[in-house]
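With the hints as your guide, set chain B onto chain A.
Each protein sequence line maps, in turn, to chains A and B.
For what it's worth, the working numbering labels the leading residue of the first sequence as 66, then goes sequentially.
For what it's worth, the working numbering labels the leading residue of the second sequence as 27, then goes sequentially.
Source of the hints: derived by calculation from the structure; they are not laboratory data.
Careful, some of the hints might be misleading.
Said to hold, decoys possible - Lysine-lysine pairs mimicking DSSO-like chemistry, simulated, CA-CA at most 27 angstroms apart:
1) K254/B / K452/A
2) K92/A / K132/A
3) K254/B / K467/A
4) K195/B / K418/A
5) K433/A / K254/B
6) K331/A / K166/B
7) K254/B / K448/A
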Amino acid sequence: MDNIAIELRGIDKSFGPVHANKNINLKVRKGTIHGIIGENGAGKSTLMSILYGFYQADSGEILVDGKPVAIRDPNAAIAAGIGMVHQHFMLVENFTVLENIMLGAEDSQILNKGIAKARVELKRLEREYALEVDPDAVIEELPVGLQQRVEILKALYRRADILILDEPTGVLTPAEADHLFRVLEQLKSQGKTVILITHKLREIMAITDEVSVMRRGEMVATRTTAETSVEELAELMVGRRVLLRVEKGEAKPGEVKLAVEGLTVKDGRGVTMVDNVSFNLRAGEIVGIAGVAGNGQSELLEAISGIRRAVSGSVLLNGKPIDVTGRADPSELRDRGLAHVPEDRHHVGLVLKFEECENAILGYHHDKRYLNGVFLDVDAIRKDAEKRIGEYDIRPPNPRLKTANFSGGNQQKIVLAREMERGPDVLIIGQPTRGVDVGAIEFIHKRIIEMRDQGKAVLLVSVELDEIRALSDRILVMFAGRVVGERDPDATEGELGLLMAGVEGRKEAAE
Amino acid sequence: MSTPYAKLPGWVEYGLIPLINLAVAFLVAGLVVLLVGENPLEAAYHLINGAFGRGEYLGFTLYYATTFIFTGLAVAVAFHAGLFNIGGEGQAYVGGIGVALACLWLDQTMPWFVVFPLAILGSAFFGAAWAFLPGWLQAKRGSHIVITTIMFNFIASSLMVYLLTRVLKPLGSMAPQTRTFAEGGQLPKLDWLLAIFGLNVGTAPFNVSFLLALVAAFCVWLLIWRTKLGYEMRTMGHSPSAARYAGMSESRITVITMMISGGLAGMMALNPIMGEQARMQLDFVQGAGFVGIAVALMGRSHPAGIIPAAVLFGMLYQGGAEISFEMPSISRDMIVIIQGLVILFAGALENMFRPAITRLFTMQSRRAAVVTQTKGA
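So that you can see chain A by itself, here it is in the shape it has in the complex (with noise of 0.2 angstroms):
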């Protein structure tokens, strides 16, 4: 068995109590592309942390080309070959390309032989992979989609034979992650190895030729990923059968709640981020505004919920005026009906350290039933918590528990039921499902779509285009700050796709 790249035996880890890495064995065969899919907290990253020594394996061994080697840290993966393609990036924003891909490979204290035989090793790089980039261009002034083809070429110059890459596509358009797929393509035929670590299933499905499924800290399967179907699949992933469509009714829109006229925001750096935007959100209706992450949704989100000011424009919640421009404040806003599940829990709409039922009270802490007189009811918050958690199934049930030790899903649920359960007249939520595994995903689904049906009306936003038209009525696609497009949910997503990269908005705007 000589066409085996990297093999990994009983590899075993643990964090304290979590075992993250349960006796994992895996074989990724040369130059094909290796997909490892599972749900968040699975320990694929942990697994990959592994192989590219961040983490040390406490048991198991790593054969590299059939020989054993020990990777202690990142400097022994880069000579056994290994390169790794970071979910976050791992470059200087000031430096130019060139610069970035010599990074901590000088060669010598004195730059200007390196930076020659750099520009060589590039070019040749370029020529042989098609992956074009100008050598001189700064990092920062570079789309994600180049960004990240510098990350590529920096596992290349460093010459990786194997190349890791962790859910590369999050941040990427789909004609980004479309020329994305071809680059690696153009590796395998080239003869490296590609192991691909994603959670969604489609690009499995599209690009790789073998696949291996890990559960629990368990890697529960490996396919030939022709003869295997995206149900299989998740079924694997989950350990049961789930349901990838929402089952939902027709809308039945009523008056409007939310009347966003001309609404303009500008970021710290005076940069405009949302682009006098305007729409309406009308009760017993989801509407969904899709787009890649970063061109405007979270500043337009900020904006209405009363956390960032806006430069000019309007925002009618129920007929009233918010002073969106001036001195709106959330918890005003909270109180005159509208809950804003945030895009990001981990910083805005938890506190990690807190216990449970401290954070079910987040924003609503001046509610009259958690206070007595200045002090806190603790027996009524805890109560309160407990009933919630019964409702919203969080686990393990335990309003003492500190937030930061659930899960990504259950702790979603409890911003959930937090923002949910009062019956706000508008929802805002941002990022729903972001880090959520697939079981709860379909729970966070139906109580969404729940709202609506309750007559409730529900802004929701998301980089995950197959949410969005999931659950969406109305599809509102946003590029550079801009509403570029309204679409039913029944578009396609090549026709969403390319609004989303500012193709076809532009010949819109035009005409």
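Okay, now just chain B, sitting in the frame of chain A:
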């Protein structure tokens, strides 16, 4: 993958780990004593005996501890809101004005129990006022509180020199201090408290402000964990973005927290001024504001941790003085080194032994889990 996280039982977290850190600090301190050519065991004996050996020694230890409880609480309160108030020194110093004014005004006409409440209010008011400006500057202008509170320590120092040499000094006196207070400006000693244990307080200035410190510790616990304001402070301390999301006003919480912190630091002045000297002297704070940082750090910003940590530092002060008295080759500076080592190991290197201890305990708990599993089957 979420961050690796292991939870230790409470007695390990709050009992064993601090004790191990402390033991290591004393071991290293012992090596230092050895280097000077003295017997570390003898030094340890003088330290313990000098701090607890007699009623009078214990009285001094608790007198120092009282001071450190106040300054420790002051640092802890600010810390819960994510503010690092290192101006306790200056706030305590200025708080002295409040005590002195109350005493100078009423000491000859009123008994102590009338003057004391006024002095408490006065000290808290002046301490809070001194912390208000840095808090306001941080909230409105974004001037960093660490920088401004440090600068305010120096301003306080100059201000007090001015007041004590020009304004508060009695005419014809050469010493930079107020006049000595009459009986109404002196706090009664807690000799009866030690007498319960058959100890004699002797000349030690162990006084009722110790009880006030304990009350303050309880109030701080109430404030932080049982009030809406405390909840808001902790939210802001852990995550300013979550506080903004929840609609809490960052500037309001910053200013209020700093004033509570400054008020607590200011109340420290009661202990030396009314409890010991019966007058306000130059430099009466003597670094207690900075020791408060170490006390809060070691006590994990929890009142139940701050009290024992304050007693520990009281012991180092009192016992340390005894060492340098009994063993002349160990100078006062050596004692400071030992105190520094305690801060180093208990505060800065707090997590040094944690990984090893965690590993030990997870190994044990996993073994226990295996046992229960086999029993269950």
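So which of those numbered hints doesn't the model satisfy? 4
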